[in-house]
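A.B. asks: For reference, the chains in residue letters:
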Amino acid sequence: MKRYELLPCYISVETGFESANDMRSFDPLAHRLADGDLDAPRELVERHHAELYRYALALLRDASSAEDIVQEAFERAFAALGKYPEDRIKALSLRPWLYRIALNVVRNTWRERRREVTVAETPEGTDGRLGVALGSAPGSARETWLDTLGALERLSERQRVAVALRYFEDLPYAEIAEVTGWPENTCKTLVRRGIGRLGVLLGEPDGIGGR
Amino acid sequence: MNYEESQRVGEETGDGGVADLLRESAPSLTPREDPNRLVERIVARGTDRMFSCDSPLGEIYVGVSDRGARLVGRADSPEQFALRYRERFGRFLSWGTDARTRRLAERTAAALAGQKTDVSVDLSETTSFQRRVLEVVMRIPRGEVRPYGWVAREAGSPKASRAVGSVMANNPVPLLIPCHRVVRNDGTTGRYAFGADEKVGLLEAEGVSVGELAGSPYLATPTTGIVCHTTCRTARRIRPENRRPFRSVKEATAAGYRPCQVCRPAVDAAIPEHGAAGR
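Sequences listed follow chains A and B, in order.
Those letters in the first sequence? Residues 179 to 389, per the working numbering, in order.
Those letters in the second sequence? Residues 7 to 285, per the working numbering, in order.
None of these hints come from the bench; they were simulated from the model.
A portion of the hints provided could be inaccurate.
Computed cross-link-like contacts, EDC-like style, restricted to lysine to aspartate or glutamate with a CA-CA straight-line distance of at most 20 Å [said to hold, decoys possible]:
#, chain 1, residue 1, chain 2, residue 2
1, B, 122, B, 60
2, A, 268, B, 60
3, A, 366, B, 26
4, A, 268, B, 85
5, A, 268, A, 224
6, A, 261, B, 93
7, A, 261, B, 26
8, A, 268, A, 205
9, A, 268, A, 217
10, A, 261, B, 72
11, A, 261, B, 131
Treat the numbers as computed from the prediction; the structure is a model and nothing was measured.
The shape of chain A in the complex, shown without the other chains (with noise of 0.2 Å):
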């Protein structure tokens, strides 16, 4: 039903994620995977989800929505690598890419969200929903996250994901920019911008820097 929203996303998910390829270093998995190894797939979900999910749910804020972006992000990427030739998936660098088509599903997350919201008129962000994700965190811990992806949720979308990228994902800038789309510098003031911010809706950074 939503599949005539796969297209555009193809079309992004090709620009640029190649080029670049000989200054990177070389990724034995996209070989595999082009080859037909079929232990390689496993292997590229297992690598990556965890970080594709974290992702996710910083941009969302919602765990069962990350565990879906993540699933819906794999079963694209894995169709759009079936009609990729060998030579073009070989080429690929893999992180980055997954990283661009989970922000492509989130996007359409949102999108449908706003619709939503502006139908029915609910407030934004109820808090009940992190508690589900954060099960595993120890108390105090767990409460400063809380209150950190609640912060996260009042940055714009696009400070939201260049911090994301940034500081989640320690991806560089030269990354963060292949997977957005925006320029290295435009990035690089976005992750400034989103961070003073965080550290305004916190309280002062020294109270959290003090640990």
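For chain A, the structure is supplied; the task is to place chain B on it using the hints.
C.D. replies: Showing chain B alone in chain A's frame:
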């Protein structure tokens, strides 16, 4: 490089508190679900599954979609088979370690060993003609054969026996859809994707006497006045002294026999392969 590093240092000193907090807490944001189950679910949705299996043709590989077996074949390696599958269907294959695929693997092995078992097949990528033909062929029982012309007529396209030949040649799931049981209209076995000799071997292993069939694809008996395909289960009950072999149904009907209602030999199947080919 230097510029970027200094930028990063500036950032870290300026907003160390928030940035460190984000960094430190990232590892505690993990999925609620058991990771193995989540991974398995994602792999099952994103890829098709594969297993290998013993068969009368040696080890074969089977690629499975969520609808059923989609590609059956031999290959030098699992990787080679996975690439062929990807080229044909645009889907990745992963090892079918899940319970569903294991059950299908067991049923496939049983079916290939000659037991009566239903193995679901996925023909979604075939044209409607191909599907009609393959579904007709699927119903040819073990130990029996039918000519191309008969398959064409049963599939609703009586003149398409050559097209049936090419559907057989491209059968995605040989053995599961027994295209080896489709023979020439004169009763000779004809070609096979895995080699003509393999076809003869398979049929003999299933109890078809290939030699007898070659000269006489049809068999009639004066006791009932009926003409059958030679391998029809009713024809196999005809006593030796009553067996009347025929090269075509036309000759048999001319001699006063009527077509069997079980195997429905095609009256107008006049060995078009040799005639039409002009060989």
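A.B. asks: Check each numbered hint against the structure and report the violated ones by number, ascending.
C.D. replies: 2, 7
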